[in-house]
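Participant: Below, each chain spelled out in residue letters.
Number of protein chains: 2
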Amino acid sequence: MSSPKHQGQRPTLEAVAELAGVGRGTVSRVVNGAPGVSAKARAAVETAITQLNYIPNPAARSLVTSRTDCVALVIPESESRLAAEPYFSAVIRGVSTELADTEMQLLLILVRDRRELDRLTRFAAARRVDGVLLVSIHDDDPLPGLLEEMRMPTVLAGRRSPDESLSHVHSDNVGGAATAVRHLIDGGRTTIATITGPLDMDVGNSRLRGWREALAERGAAVDERLVAVADFTEEGGRTAMRDLLDRVPGIDAVFAASDVMAAGALTELRERGRRVPDDVAVIGFDDSVIARHTTPALTSVRQPIEAIGRSITRLLLTEIAEPATAHRQLVLPTTLVVRDSA
Amino acid sequence: MSSPKHQGQRPTLEAVAELAGVGRGTVSRVVNGAPGVSAKARAAVETAITQLNYIPNPAARSLVTSRTDCVALVIPESESRLAAEPYFSAVIRGVSTELADTEMQLLLILVRDRRELDRLTRFAAARRVDGVLLVSIHDDDPLPGLLEEMRMPTVLAGRRSPDESLSHVHSDNVGGAATAVRHLIDGGRTTIATITGPLDMDVGNSRLRGWREALAERGAAVDERLVAVADFTEEGGRTAMRDLLDRVPGIDAVFAASDVMAAGALTELRERGRRVPDDVAVIGFDDSVIARHTTPALTSVRQPIEAIGRSITRLLLTEIAEPATAHRQLVLPTTLVVRDSA
DNA sequence: ACGAAAAGTGGGAGCGCTCCCAGTCGGTTG
DNA sequence: CAACCGACTGGGAGCGCTCCCACTTTTCGT
Numbered sequence: 001m002s003s004p005k006h007q008g009q010r011p012t013l014e015a016v017a018e019l020a021g022v023g024r025g026t027v028s029r030v031v032n033g034a035p036g037v038s039a040k041a042r043a044a045v046e047t048a049i050t051q052l053n054y055i056p057n058p059a060a061r062s063l064v065t066s067r068t069d070c071v072a073l074v075i076p077e078s079e080s081r082l083a084a085e086p087y088f089s090a091v092i093r094g095v096s097t098e099l100a101d102t103e104m105q106l107l108l109i110l111v112r113d114r115r116e117l118d119r120l121t122r123f124a125a126a127r128r129v130d131g132v133l134l135v136s137i138h139d140d141d142p143l144p145g146l147l148e149e150m151r152m153p154t155v156l157a158g159r160r161s162p163d164e165s166l167s168h169v170h171s172d173n174v175g176g177a178a179t180a181v182r183h184l185i186d187g188g189r190t191t192i193a194t195i196t197g198p199l200d201m202d203v204g205n206s207r208l209r210g211w212r213e214a215l216a217e218r219g220a221a222v223d224e225r226l227v228a229v230a231d232f233t234e235e236g237g238r239t240a241m242r243d244l245l246d247r248v249p250g251i252d253a254v255f256a257a258s259d260v261m262a263a264g265a266l267t268e269l270r271e272r273g274r275r276v277p278d279d280v281a282v283i284g285f286d287d288s289v290i291a292r293h294t295t296p297a298l299t300s301v302r303q304p305i306e307a308i309g310r311s312i313t314r315l316l317l318t319e320i321a322e323p324a325t326a327h328r329q330l331v332l333p334t335t336l337v338v339r340d341s342a
Numbered sequence: 001m002s003s004p005k006h007q008g009q010r011p012t013l014e015a016v017a018e019l020a021g022v023g024r025g026t027v028s029r030v031v032n033g034a035p036g037v038s039a040k041a042r043a044a045v046e047t048a049i050t051q052l053n054y055i056p057n058p059a060a061r062s063l064v065t066s067r068t069d070c071v072a073l074v075i076p077e078s079e080s081r082l083a084a085e086p087y088f089s090a091v092i093r094g095v096s097t098e099l100a101d102t103e104m105q106l107l108l109i110l111v112r113d114r115r116e117l118d119r120l121t122r123f124a125a126a127r128r129v130d131g132v133l134l135v136s137i138h139d140d141d142p143l144p145g146l147l148e149e150m151r152m153p154t155v156l157a158g159r160r161s162p163d164e165s166l167s168h169v170h171s172d173n174v175g176g177a178a179t180a181v182r183h184l185i186d187g188g189r190t191t192i193a194t195i196t197g198p199l200d201m202d203v204g205n206s207r208l209r210g211w212r213e214a215l216a217e218r219g220a221a222v223d224e225r226l227v228a229v230a231d232f233t234e235e236g237g238r239t240a241m242r243d244l245l246d247r248v249p250g251i252d253a254v255f256a257a258s259d260v261m262a263a264g265a266l267t268e269l270r271e272r273g274r275r276v277p278d279d280v281a282v283i284g285f286d287d288s289v290i291a292r293h294t295t296p297a298l299t300s301v302r303q304p305i306e307a308i309g310r311s312i313t314r315l316l317l318t319e320i321a322e323p324a325t326a327h328r329q330l331v332l333p334t335t336l337v338v339r340d341s342a
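Protein chains in written order, with the numbering used here: chain Z, 1 to 342; chain Y, 1 to 342.
FYI, nobody ran anything at the bench for these hints, they're computed from the structure.
Treat the hints with caution; some may be incorrect.
Said to hold, decoys possible - Sample of chain Y residues with no beta-carbon within 10 Å of chain Z, all distances over it, derived:
#1 R24
#2 E46
#3 N57
#4 A100
#5 P144
#6 G145
#7 L166
#8 R189
#9 A216
#10 L245
#11 R275
#12 T295
#13 V331
#14 T335
Claimed, not checked - Pair by pair, the computed Cβ-Cβ distance ranges are:
#15 Y:P35 with Z:T102: 39 to 47 Å
#16 Z:S66 with Y:E46: 23 to 31 Å
#17 Y:A34 with Z:T12: 25 to 33 Å
What the hints assert, rightly or not - Rough simulated footprint, nothing fancy, chain Z against chain Y, three-plus residues with beta-carbon under 8 Å:
#18 91-98
#19 111-125
#20 280-294
Every value quoted in this text rests on a predicted model; they were computed, and no experiment measured them.
Backbone N, C-alpha and C define an ideal beta-carbon position, used for all residues, glycine too.
Work the whole structure out from these sequences, hints included.
Facilitator: The structure is reproduced here in C-alpha cells:
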C-alpha cells in the first residue's frame, strides 16, 4: 500500500554482501577503505552499496571498535558570560571548521552547575566521546584533572597555570597586554590603571602580568592601587572603574582585560563626565563585536579566537590518533586594533 | 606494576550480575528502572554497581534499542551571521537547559556550505541522533523536507511558511513589528520606513507584515518606497538606510527587522548628520547585546530566544517519545524595550 | 489447604559490525 | 611438475546490551 522506499529496516552489511555476491569481510574492507580487495570485488560491493543506499550502523561499529567518532566541546561558564561573549561562537566555528573534513561529530556540553558537572563526568566515564575540548579554564577546575585521570584525550583552550601538563593552546596574553600598555605609554599617558579578569584564571593573571611588564620596562614604578580585579562582566568592569577612580582620581588610561569590561568602564567614565580618549584612554581585549559599537569605538587587543578553535581541534585529533605522544602547547599571536578610545 | 584502578576493561552488565549473584536480566532491569525487581535483588545490584563503578556501554545499548540519546541542533548559516548574532548562543543555552535533566546529549552541527549539508544528510540517514532541531529557516531550505522524508523527528525554530507542516516554535514577529511601528506612530512619526530581513525567510516576511498591518490599522497609505530589503547584516542595514534616505529624504522613523541592521542604519544616519531620535527614530528587533551599546541605545523588540530554545527542545522530546502525534506549533510573545533611539 | 494468578528471575537470541584466521586460487620457482 | 607463495576471500567469534520467554517462587482467594 505505502511506498516501501523509506520504510522497513535499513540494509545491513550482510545484505550488501549478499547482493554483491561476496562475504561480509569483503564488504567491511571496502567500506573502511582497507587494502586487499580485488578491483572486481570492490566494484561489485560499491554497486551494491549505492543500490541499497547502505549506510553503516555507527552503534554497531562503535561497539566493537570502541571509538565513537565524537568529540565534546565543554563550556564551563555561568549563564551570564555565554550570553555576552561572542568568544564561544568563534571557538565553535573554529572547531566545526576543523572537524568538517573528518567524520568526527561535535558534542556541545554546557557546564553551569554542580549537576551538569556530574552529568559530564558520567558522560566522560561512559566514553561517549573520543576526546574533550576544554575552554575557559579556572585554576581550581576539577575537570582537567578528572579527564587526565581517566585517560581521556583532552586539549585546553587556555591553561590552568603556566606549567600546564595537558596539551593546550592560548593566545599571547602577556604580549598582547604589554603591547596595549606600551601603546598607552607612547600616547603620553602616565597613570595607567588595569581592570583584570578573575585571578584564578591564567588569562586574568597573564594579562595583568603584561600590564606589569610593560610598565616595568619603561621604568615606571607600579602602583598597586591601579589594579582592580573584576570578573569579565560588564557590571564588574563598571564597578572596577568606579573603585579605580575613587582610589586614584588622576588616572588617564585604563587597560581592561576584556572588551565587555572595557564597555562597563566606558559607561562609568561617561557617567563621571570623563571624556574618552581625551581625559582617559581605554583599551580592551578580545576585539569582539562590542568593541565596534561602543562610543567611542574601542581600541582592543585582538586574539585569533577562531584559530584557537581550529588549533585545539587539530591537537585533539592528533592526541586521539597517537595517545602516547607527549603533550604539546601552542601560543597564538595577538594584534592591537587601534580605534578611537586610545 | 601500575595501579589497576583506572586500567583494564570497564565492568560489564555480566560482571555486575555475577557480583550481585543475580542474572543479567535483573541487572538490566535495575539499571533501566524497570519494574518487577524485588527489593532485595535491587539492593544487591545497586551495591555491586557502586562497587564496580559500573557504567552502561551506550554503544551496546544503542545497537539494540536503536536510540542514541542524542539530538542535533543544526545551525545553517553563513560565517558572518554566527559571528555577529548572540541569537545562537541564547538558543543553545535554552536547548541545553531543557536537556540538562534528561540523558540526552546535544550535537551541534554547523551547515555553512554544500559539503557540510551532505555531511549532515549522511549523518541523519545513519540515524546518529534521535531528533533534530532546526534554526533559522529559509523557505527553500531542502533540509526540513529531507528530514521529514526520512521520518526524523524534527522541530523548527521559525518556519518555512505560515502553513508549516513540521512542528515549530517562533516568536510573534508580526505582532512585535506592529507594536514597534505603533510606538513610532504614537510618537508622532509620520514617514516610517522599514529595513526588512531576507524575504525568503518567514521572519523577514512576518516582520514586514507587522509593519504593513500597523500602518494600515492607522489608516496610513503604505508607500512601497519605504521598504528596503536587507539581509540581517550590519552592512546590509547601512546600505538599506542609504537607499531609503535617497528615495525618501523625509523619513522620520525606521523599523529595522534586527538590531544588527538597525546598528548599520544608525551609522548611516550619523554619517548623514541626522540626529537620532530627534530627526529619525529607530527601532530594532531582537534586543540583543548590541542594542545596549549603540549610541543612542536602541529601542528594540525583545523576543524570548532562550525560551524558544527551551520550547523547541521540549517539543522535540515529545515528538521523539510519541512520533504518531500530529505536529504542533507554539508562538511566543514579544515585548518592546524602549531605550533612547525611539 | 490447594490451585491459580501474580511477581520475580535467568539466560538464550540477536542487534550490525570488526577482527582475525583458516582457507582458496592463481601464478611462480627450482 | 611439484611445492610453494602471495593475494584474496568467507565466515566464526564476539563486542555489551535489551528483549522476551520459560521457569520458579510467592501470594492470594475461597
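Participant: I'd like to know which numbered hints this structure contradicts. Please list them from smallest to largest.
Facilitator: 3, 4 and 12
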